[in-house]
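The listed protein sequences correspond, in order, to chains S and E. Residue 148 in the numbering used here sits at position 148 of the first sequence; the count goes up by one each step and never skips. Residue 157 in the numbering used here sits at position 157 of the second sequence; the count goes up by one each step and never skips.
Hints are computed from structural coordinates only; laboratory data are not their basis. These numbers were taken from a predicted model, which means no experiment stands behind them. Treat the hints with care, since some could be wrong.
Claimed, not checked - Here are some chain E residues the structure puts well away from chain S; computed CB gaps all over 12 Å:
#1 I40
#2 G58
#3 D99
#4 P150
#5 P218
#6 S317
#7 L326
Said to hold, decoys possible - Just the calculated beta-carbon pair ranges, DEER-fashion:
#8 E:A69 <-> S:I40: 40 to 50 Å
#9 E:A290 <-> S:E66: 34 to 44 Å
#10 S:L337 <-> E:S132: 54 to 64 Å
The beta carbon of each residue, even a glycine, is placed where N, CA and C say it ideally should be.
These are the residues of each chain, in order.
2 protein chains.
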Amino acid sequence: MRIVITGGFGFLGRQLTGTLLTTRTFRGAPIDRLVLADRIVPPESPSASDPLVQIVHGDLIDRLDEVFAEPVDVLFHLAAAVSAECEADFDLGMSTNLDTTRALLEAARGQSAAGGPAPRVVFSSSVAVYGSDPALPLPPVVGESTLPTPRSSYGIQKLVCEQLIADYTRRGFVDGRVARLMTVSVRPGKPNAAASGFLSGIIREPLAGLPAICPVRPALRVALASPRRTVEAILRIAEVERSTGRGRLDGGLPVNLPALTVSVAEMLTTLRQVAGDAVADLVSIAPDPAIETIVGSWPSVFDNTRAAALGLQPDPSFASVVREYLADHPEAVLADLPPAR
Amino acid sequence: MRIVITGGFGFLGRQLTGTLLTTRTFRGAPIDRLVLADRIVPPESPSASDPLVQIVHGDLIDRLDEVFAEPVDVLFHLAAAVSAECEADFDLGMSTNLDTTRALLEAARGQSAAGGPAPRVVFSSSVAVYGSDPALPLPPVVGESTLPTPRSSYGIQKLVCEQLIADYTRRGFVDGRVARLMTVSVRPGKPNAAASGFLSGIIREPLAGLPAICPVRPALRVALASPRRTVEAILRIAEVERSTGRGRLDGGLPVNLPALTVSVAEMLTTLRQVAGDAVADLVSIAPDPAIETIVGSWPSVFDNTRAAALGLQPDPSFASVVREYLADHPEAVLADLPPAR
Numbered sequence: 001m002r003i004v005i006t007g008g009f010g011f012l013g014r015q016l017t018g019t020l021l022t023t024r025t026f027r028g029a030p031i032d033r034l035v036l037a038d039r040i041v042p043p044e045s046p047s048a049s050d051p052l053v054q055i056v057h058g059d060l061i062d063r064l065d066e067v068f069a070e071p072v073d074v075l076f077h078l079a080a081a082v083s084a085e086c087e088a089d090f091d092l093g094m095s096t097n098l099d100t101t102r103a104l105l106e107a108a109r110g111q112s113a114a115g116g117p118a119p120r121v122v123f124s125s126s127v128a129v130y131g132s133d134p135a136l137p138l139p140p141v142v143g144e145s146t147l148p149t150p151r152s153s154y155g156i157q158k159l160v161c162e163q164l165i166a167d168y169t170r171r172g173f174v175d176g177r178v179a180r181l182m183t184v185s186v187r188p189g190k191p192n193a194a195a196s197g198f199l200s201g202i203i204r205e206p207l208a209g210l211p212a213i214c215p216v217r218p219a220l221r222v223a224l225a226s227p228r229r230t231v232e233a234i235l236r237i238a239e240v241e242r243s244t245g246r247g248r249l250d251g252g253l254p255v256n257l258p259a260l261t262v263s264v265a266e267m268l269t270t271l272r273q274v275a276g277d278a279v280a281d282l283v284s285i286a287p288d289p290a291i292e293t294i295v296g297s298w299p300s301v302f303d304n305t306r307a308a309a310l311g312l313q314p315d316p317s318f319a320s321v322v323r324e325y326l327a328d329h330p331e332a333v334l335a336d337l338p339p340a341r
Numbered sequence: 001m002r003i004v005i006t007g008g009f010g011f012l013g014r015q016l017t018g019t020l021l022t023t024r025t026f027r028g029a030p031i032d033r034l035v036l037a038d039r040i041v042p043p044e045s046p047s048a049s050d051p052l053v054q055i056v057h058g059d060l061i062d063r064l065d066e067v068f069a070e071p072v073d074v075l076f077h078l079a080a081a082v083s084a085e086c087e088a089d090f091d092l093g094m095s096t097n098l099d100t101t102r103a104l105l106e107a108a109r110g111q112s113a114a115g116g117p118a119p120r121v122v123f124s125s126s127v128a129v130y131g132s133d134p135a136l137p138l139p140p141v142v143g144e145s146t147l148p149t150p151r152s153s154y155g156i157q158k159l160v161c162e163q164l165i166a167d168y169t170r171r172g173f174v175d176g177r178v179a180r181l182m183t184v185s186v187r188p189g190k191p192n193a194a195a196s197g198f199l200s201g202i203i204r205e206p207l208a209g210l211p212a213i214c215p216v217r218p219a220l221r222v223a224l225a226s227p228r229r230t231v232e233a234i235l236r237i238a239e240v241e242r243s244t245g246r247g248r249l250d251g252g253l254p255v256n257l258p259a260l261t262v263s264v265a266e267m268l269t270t271l272r273q274v275a276g277d278a279v280a281d282l283v284s285i286a287p288d289p290a291i292e293t294i295v296g297s298w299p300s301v302f303d304n305t306r307a308a309a310l311g312l313q314p315d316p317s318f319a320s321v322v323r324e325y326l327a328d329h330p331e332a333v334l335a336d337l338p339p340a341r
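Looking at chain S on its own, in the form it has when it is part of the complex:
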């Protein structure tokens, strides 16, 4: 079983790698090789020294020969340019998100056409495929049968890739699966260029004793999932059999990951409850129309029936999300937090 993760050293890639290197199996079969492909490979990474791991370093589109040098059984395609990048640089988004995904699909098709396995391709799509504007409002509750009308180039690129994967799957070139990720919060580490980045930053930075700016009105409601729930869901969607009754994936590919709906104000209240006034006061509100337009166009309330049928549940509360972050990243948190209220 040879498994590839693109964006293998990105945030979700590292989480997924950690899980796979712990279980060392996929659907009960031993993993023989875990290929981590990424443009940037950190100088020291604990996974790099694992005998199962092979690193493919460079622009993915130039490294496909290496990725497909031996048969790929499962391909987690997590690498992408993020939303605000794609809005700022149209060509970058089209190239990184569309052309690279298409080249990957072609390589996978080449493998199955040559008599190899049709790889299981797990694509990380996004809540950003949904967009709302005054002329075309979304319904109050969004599900997989809601018409996606993206309002960002990133969302368009994700939706286009979903369609291509659906066709490659229908034709038997690959066995495609599409996980539409909610905004992941709380992400550890440094801020990224995602428009939604602040939804981690307004928790992560104050917990580290740093100031943070909230670029939207606090009343804005968002759909979140914790890193643990997100990686669990990606893996479940990868492992599930196609067409097996309740857990079936045959009613269209995309699965919207389970979403916890909270307002930004509720997030900040939770921070205050968990970490105290001094920490919560590190957040200042300074709305940025560019960010608010993108994030505000995403739906916040989901019908998660389809995810639930796969056994996937949302985080129970934002307090639980924050507590998970504190448990998983003690090194990134002030030592002297007051006891949680």
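Given the structure of chain S, go ahead and fit chain E onto it with the hints provided.
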């Protein structure tokens, strides 16, 4: 006003050319140049000698410099590989329908980026963006807010282009419009490789005294529009102002063209009524699963509210469609048809 029609010598291209060379205006402004781009240019075409007409002959993707040599104000993008071709030859469809459209959009973006006009791009999409399979049935009545789930590579390619045009429009690179064409019947001329081709053939061939094969069960219902209604609608969608109340185009780009819903059996009964038993008996039924799968996956009943708001109405009856064909193509019809019942 410089107008380009890709697929300018295709069936719809010729109809649209005929209309534009008659009015010689677009939205009240005189047409200075009508560029007809096509891979195949017939040796003798009445429009070729018109002083307004410029012919661009060759593969579109190689001729974009010529198409955009002077500013393009309106681009009707009708050129495409048809449904059965794309199902038989995946690469052909991806190249002709996706890569070429993307190259056109890039050329149009180049024009507006260089300070020229953002061209009005009118894209002929298709009812084939909708597809139904047992695991993902369509609602009984389909409208623009129905989630398209194409069941053919052609439908996927059209849907992907719709998404790209939506993003190019949102970003101001072009002024895009999307007309989702119903199956056009009765097409004159020779059969083509469209899966829906028989929906013209079972009328056109018998009227010319030739046998025809109907490759689907007669109970199958289909959504049709006559050539006249189709070209009228494409032109209306091209000419309408964006965001002008009732005729507005701002609630998403695609407009499903008005559809006449008929069963194949009703079409054949109409043929019998209009042309008599001897003509109708030229049709034999021989279901072809490949054709039935594609055409049977398309919806047949539409909510045409959006088209109606633009002043577009479906054909009143299939008898009217056949009578229009008889009036427009007397040269292609047996001289001794019995008087219509």
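Results of checking the hints against the structure:
no., hint, result
1, I40, "holds, 27 Å"
2, G58, "holds, 25 Å"
3, D99, "violated, 10 Å"
4, P150, "violated, 7 Å"
5, P218, "holds, 28 Å"
6, S317, "holds, 31 Å"
7, L326, "holds, 40 Å"
8, E:A69 <-> S:I40: 40 to 50 Å, "holds, 43 Å"
9, E:A290 <-> S:E66: 34 to 44 Å, "holds, 39 Å"
10, S:L337 <-> E:S132: 54 to 64 Å, "holds, 55 Å"
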